[in-house]
Structures are given as C-alpha cells and as structure tokens.
Amino acid sequence: MHSQLTIKKQQNGQGYIGIFQAMASDCEVLIDCDNMLLAKQMISAVFIEAKRIEAKYSRYLQGNTLDKINTSNGEKICLDDETILLVNFAYQCYQLSAGLFDISSGVLRRAWHFDGSDNIPKQKQINRLLPLIGLDKLIWDSPYLTLPKGMQLDFGGIGKEYAVDCCLITALQVNKEHPILINFGGDLICNQARRNGTAWHVGIERVGGGEAALIKLKRGALATSGDARRYLLKEGIRYSHILNPQTGYSIIDAPRSITVAAESCIEAGLLSTIAMLQGAQAKSFLMEQQIKYWIQD
Amino acid sequence: MQLTTAQVKPSKKSKHKNIRQLLKTATGCLLGATAAAQADSKESFFSGWETDIAILGYTEVDRVSAIEPVVQTQKSFDDDSVLGFKLVVDSLTGASPNGASPSDQVQTFTRPSGNGSYQTPAGETPLDDSFLDTRVSFSSFYEHGLGRMDKMIWGGNVSKEYDFFSAGLSATYVHDLNNRNTSLSLGVSGEYDFIEPVGGIPIPLTQMQAASSPQTKGEGSDTRFLGEVLIGVTQIIDRKTLVVVNYGYSQSDGYHNDPYKVTSVVDDNSGSLVQGESLSGTYLYDSRPDQRIKHSLYSKVKRAFGEDSADLSYRYMWDDWGITSHTFNLSYRKNYNAWYIEPRVRYYTQGEADFYYHSVTESQSENIGSYLTSDYRLAEMWSSTIGLKVGFKTPDGNQNSIRLEYYHQDGEKNPSNAVGVQKNYDLFPTLDAFIVQYTYSF
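Chains A and B supply the protein sequences, listed in that same order.
For the first sequence, our numbering assigns the number 1 to the initial residue and increments by one for each residue that follows.
For the second sequence, our numbering assigns the number 1001 to the initial residue and increments by one for each residue that follows.
Since the hints were made in silico from the structure, they are not lab data.
Here the structure is a predicted model, which means the values were calculated and not measured.
Every residue, glycine too, gets a C-beta built ideally from N, C-alpha and C.
The reader is advised that the hints may include incorrect statements.
Each computed DSS-like pair below joins lysine-lysine, with the alpha-carbon atoms no more than 27 Å apart [stated by the list, open to error]:
id, chain 1, residue 1, chain 2, residue 2
1, A, Lys283, B, Lys1017
2, B, Lys1017, A, Lys8
3, A, Lys137, B, Lys1017
4, B, Lys1334, A, Lys216
5, A, Lys216, B, Lys1240
6, B, Lys1024, A, Lys283
7, B, Lys1024, A, Lys216
8, A, Lys51, B, Lys1075
9, B, Lys1389, A, Lys8
10, B, Lys1151, A, Lys216
11, A, Lys216, B, Lys1075
12, B, Lys1393, A, Lys9
13, B, Lys1334, A, Lys9
14, B, Lys1024, A, Lys56
15, B, Lys1086, A, Lys216
16, A, Lys216, B, Lys1413
17, A, Lys283, B, Lys1151
18, B, Lys1075, A, Lys40
19, A, Lys68, A, Lys40
20, B, Lys1086, A, Lys176
21, B, Lys1024, A, Lys176
Covered by chain B, according to a simulated footprint, are these stretches of chain A (three or more residues, beta-carbon under 8 Å) [claimed, not checked]:
id, stretch
22, 79–93
23, 161–173
24, 285–292
All chains should be built: construct the whole structure from the sequences, respecting the hints.
Dropping the structure here:
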C-alpha cells in the first residue's frame, strides 16, 4: 500500500493538520501555529519518523530489522543501538509484569484469529505453541541476541506507542515552541496546551452502546487497549485479543477498553496493556498505579 | 458501557504493586533524556484562562436604558477542577413607573428622597424619572470531582447597588449513575440582602406625603434572607437527546416591598384623584407579606439534528402570593463551518398576586387587608421575546457573538373594574425593549 501524506490548513485558524496512514492506523499530526512552513516541516518530520519505525519493525515486511531477528534460525545476531534499547525495554516490561507482557507471544496468532467469529482454538493447538513463548528462553547478551528456533519477536505491543513518542521528539527537534498533538489511531501525545491556553479535546472511541468520552489534555499522552473490533464471541463470552502468554489463552474477563494517561505514550500503552492482562483485576491494578484512567466495561 | 475515570489513592491492601516508577525509568532509558512530555514545565496559574468579554445594551422605549459590561473567565486545571469568576457592571438611567394610575388631572409626586417633586400630565402613566443606578456584581464558582462519579460545585456572589447589597453562597452536589447516562443534582443556596432605600423605608400603606411635609418613613434600612433548594435530573435518552427536569423550592423572609412604588386611591364613581393628606392625590405605599415561598418546575429537552441542535424548555412557577407563571422557550442553533445562527422565541405569562390592584377606590381602601401593591411585575401579564444570535470566529480562532432581542410586555390595559375616567386610560404600562449584546471569547 502506498501511503501518502496530506497537509491541510484547519478551519477557524486552528493551525495545520497532517494526515497519513501508518502502522495500520489513521495518523494525525496537529500543529497549532500559523506559520505554514514550520508546520509543514514539523508534520513531515513526524511522517518520516513514523514511516522509518514502521519499515524497521513491521512484522509484515521482509528483510527489515525485525525480520532478520525472526529468521535468524537460532543463530546469534548483533543488534543496532535502537533495537538494543527496545529489547532492553521489552525485558524490563516482562519483569515488571511478572511475565505477562511478552514480545515473544506473537506466535499465539497462529492459533487465535480475532475475526469476530466463534472460532476458539483447541487447547491442543495452544499447548503446541507454549514452548515457543517466553523471553526467558532467549539469550540476550547485548548487543548479541540468540532467538531459539521457532520463536518470534513482535514489537506490535509497543511499536505504535514508541513511534508516537519518537515522533514527538523528532518534531520538537524542528521546533519546540508550538503546540503539537500526534495521534496514531488513538495512541497520542501532546507537548503543551493550545495557543489560547485551552486543553486539546480528545475523544475516546465508544465501545458497546454508551457515549464516547471526551478527555481534555494539556500535556502528556494517552493510550488505549481494548477489543473494540478484535475479539471472538462464543456462547456469550467475549474473547479479547489480549492473550496471556503463560496460558496462551484470551483474557475473557477484562474490561472492553482501558485508556491511560501518562507522560509518554509508551508508558500509557504499557500500563493499559498490563492492566488488560490483569483481567477482572484491571481496575484494582490501575488504582494501585495512581494514574488517570478510563475504563469501559 | 460503563465509563469510569479516576485518579484515586491506592487501597492499602492491594495485591498489585506499583510499577509506574520502574516503568518511567525504563522509558527514560528507551527514549532518552529528551523524553517528550517532560519538555514542558508546569504551567503557571495565570495561563490557560478562557475569557469572555461582553457588552450589553438594553433600551426600553421611553423608559430605562442600561449598559452592562460583563467579564467572565474560567480555567480548567489538570485535576479537572474548574475555577471561574464573573464581573457584571450595570448602569441604568431613565424613568420607571411608580405604580400610580393615570388620571384626568395633573398628578404631583414626591421624590423618594423626600426632597422635591415631579409631575405627570393628565392621561399619562406616572413615571419616576429619577431612576439612576449602578450595580456591580461579582460571582465565582469552583467545581471539583469527588471520587469517580460525583462532583461538587461551590459558588459565591456579592452584588452592590446604591441602595442594595446582596451576598450569597451556594453548593451543588452532582452524582452520575446509570453508566453516566443519568445525573442527579442537589443544590442549596442562601442569600442575604440589605435594602437601604433613598429617603428611608416608607411605612407600608401610609400615604405619600408632599415634599414640604414630614415623610411617613420609618427605619433607614431592612434585610431579607433567601434560602433555596434545587433538585434536578439530567437524563441522556439517546445519542441525540437530553432531558433535564428540575424542581426548586425557595423561601425568603424579610423585606419584600418596593419602597419606590405606590398605589393610587381613586374616587368610587369618577375614578379621579382623591385629595390626600398633603398631596392632591392619595397614594399608598407598597405593602407585601414578609415571607414568600416559591416552587418551580423546569423541564428541558435538547436534541441534536445532525450538526444542529434545538432546545425547548418550559418552566412552571407558583408561590404563596397567588402568582403562577409559565415560561416557554425555544431556540434552534444552526451551525455552519465557521459560524452559527441561533434564533430564539420565548413566551411568558403570569397571573396576578392576591394583593395586586392597579388602583383602589376610596371605599375599597377602607377595607383593604394588610397587603397592597400595584407593581406591574406582580400583575397579570404576558411577554414575548424574539431574538437572534450570530456567532462567528475571527481569523485568530476566537469566538465572537452578537445577540439581538426584542421584548414586548403587556397586561390588562382596560380591566373591567376600572372606574370612571380610568376607562379612558391604559392601566397597564406596556413595555417594549431592545437588547443588543456583543461577546468576544479568547
């Protein structure tokens, strides 16, 4: 798919907006300033950075950094600086979540197909995959990584949020003064209040039959985990696309969606994902974190 | 869907550990010291206020005119609390009906100060032309969350006029339930009023005296307390419809008279002036109960039609003075890209107070009870308002609006109990007023 960047002046003097597709999401960059040249520079910097990260870590592209890891066939490989940081981060999240957040759990997709159907995989299928999951099975001797044969890594759980944070850093390298909001399919960050001092208004997509929520954000990030579209439904039970890497099973008693506010998008994303992985305990987990959150049941 | 939002203290017995700090450290390693959101320091208290400035012009045909500047500002803080302030200055000049009836003779009245007099030609509604006042009113509110589904709104206001001072406090508790589709509110408020009329407090039902005579005035000032309870339900019916129902109860105790209003006493047969103690006519000072209990029921439906919205409301009010009133209001907002128009109509009708008389005859006056008023605001009357508001944005993105309204008020001009010459005159002072307001928000 050939993705294009569109830049438009917003109505009512609200600055400029850049729109493009990346990481299977609608991406938006809002710059609240009247300087067209500067706004375009900031937006294109974001676009280029998002595309760079997508190209490097997309699991759908052959020959990229992730693909090289996943096709290493049990051989030791040397990682670049950025990937070292990402793998280190993934390890820390694995530890923080007591193994619930695991970037090697992607192989479960071979059993689970979240297409809204009632195709729940058989336990036998899942059991066959479990030996291929667990970051503790890797040999990580930075910068050298050895991924056991048959295992795969996937940065899908943090990639988009990471891209949002990196894109903000990149945009602020162009210019620090202007209010900017970067929104990649609901995972978003802004650096400061709008020019007139008011908050950015961000809608949370509604799930189920209720009202969408409007969040006012002056600074910081939001990320949402949920199963708005990706789930299985069988005998009245919703199987969310969030999978427990230890059991290989879908979390069935988690809220429909969790939105978390944090300073960076990657923090917000991890907190919402790890909260989801707590299932019915999601709310008490979030309360313990002393953060702002929004739950839709 | 249940949508809950919170920033809560952790429970002491939680089995989850707080990973936030460790995660923040890990994020710092990943993104580097330049990590995005930390780039901006804490904002100051003085930035981020949303401010409206408005100027309102009000003109009654041949009567009072007013200029009213308004400044209001509010700010939403990071914890979702909101603080707001509002300052209104009213400056009124012109003439206002003094309550007496038109007559077939020239009428002479004493100014409220007791110094000097003014005359009304035969056949005209007596107006006190010395009406001049400036009102300054300041109010503030603070709204904050109370746990997940509750909030409190605190309010305070003070208002000062030449002859009047008022101070009030209010507290409103709002509870959301039913997946935030329903919200219940309970509000209480109290107000203290201090009234210090020019020339002192007239003794009720005594006659207005000539400027040269001793004035039948008592104390220099009096007070009034007002307490109000308001309960309300706001219900979201569907994604496009919202319904509000409120009930209000208020009780005020103290001085309710209008110290500047009098009621004419006329001849039983001719309807002409009756010689007073020191004036050529007899005019009795206003007298009202020292307590008033009001009830009101209010309902509103707001519905979206695509980009547009309509707002229909009805208020029913009744009190223990015998007044009942109905208010209907309909407005429709049509949104265009960078501007909107909002036409509005309002209709109001009320019945008279038990002790309202446009005037009393001499024999009636001998049997009058404790209370008597000819204040048109307590008479049977009806009024309609038509208005249009146009909002637009200036190139800097700020909102502007201009509101134009025409108000017409009418009552029983030729009541069946008019006597003699009164039948020739309008016994209810009709009123036409124009309102223009310009608001700039930034």
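These are the hints, each one checked on the structure:
1. Lys283(A) with Lys1017(B): holds (13 Å)
2. Lys1017(B) with Lys8(A): Roughly 45 Å separates the two Cα atoms, so the pair is violated.
3. Lys137(A) with Lys1017(B): holds (25 Å)
4. Lys1334(B) with Lys216(A): Measuring from Cα to Cα gives roughly 25 Å; hence the hint holds.
5. Lys216(A) with Lys1240(B): The hint holds at about 22 Å.
6. Lys1024(B) with Lys283(A): Holds, at about 20 Å.
7. Lys1024(B) with Lys216(A): Distance of about 23 Å is within 27 Å: holds.
8. Lys51(A) with Lys1075(B): violated (38 Å)
9. Lys1389(B) with Lys8(A): violated (30 Å)
10. Lys1151(B) with Lys216(A): holds (17 Å)
11. Lys216(A) with Lys1075(B): Satisfied, since the Cα-Cα distance of roughly 12 Å is no more than 27 Å.
12. Lys1393(B) with Lys9(A): holds (15 Å)
13. Lys1334(B) with Lys9(A): Cα-Cα ~24 Å, so holds.
14. Lys1024(B) with Lys56(A): Roughly 25 Å separates the two Cα atoms, so the pair holds.
15. Lys1086(B) with Lys216(A): Given that 27 Å is the threshold and the Cα spacing comes to 23 Å, the pair holds.
16. Lys216(A) with Lys1413(B): The hint is violated at about 55 Å.
17. Lys283(A) with Lys1151(B): Holds. Lys283(A) to Lys1151(B) sits at ~21 Å (cutoff 27 Å).
18. Lys1075(B) with Lys40(A): The hint is violated at about 31 Å.
19. Lys68(A) with Lys40(A): Given pair Lys68(A), Lys40(A) is violated - Cα atoms ~34 Å apart, limit 27 Å.
20. Lys1086(B) with Lys176(A): violated (35 Å)
21. Lys1024(B) with Lys176(A): holds (22 Å)
22. 79–93: holds (count 6)
23. 161–173: n = 6 at 8 Å, threshold three: holds.
24. 285–292: Since three or more residues must qualify, the claim that chain B covers the stretch 285–292 of chain A holds, with 7 doing so at under 8 Å.
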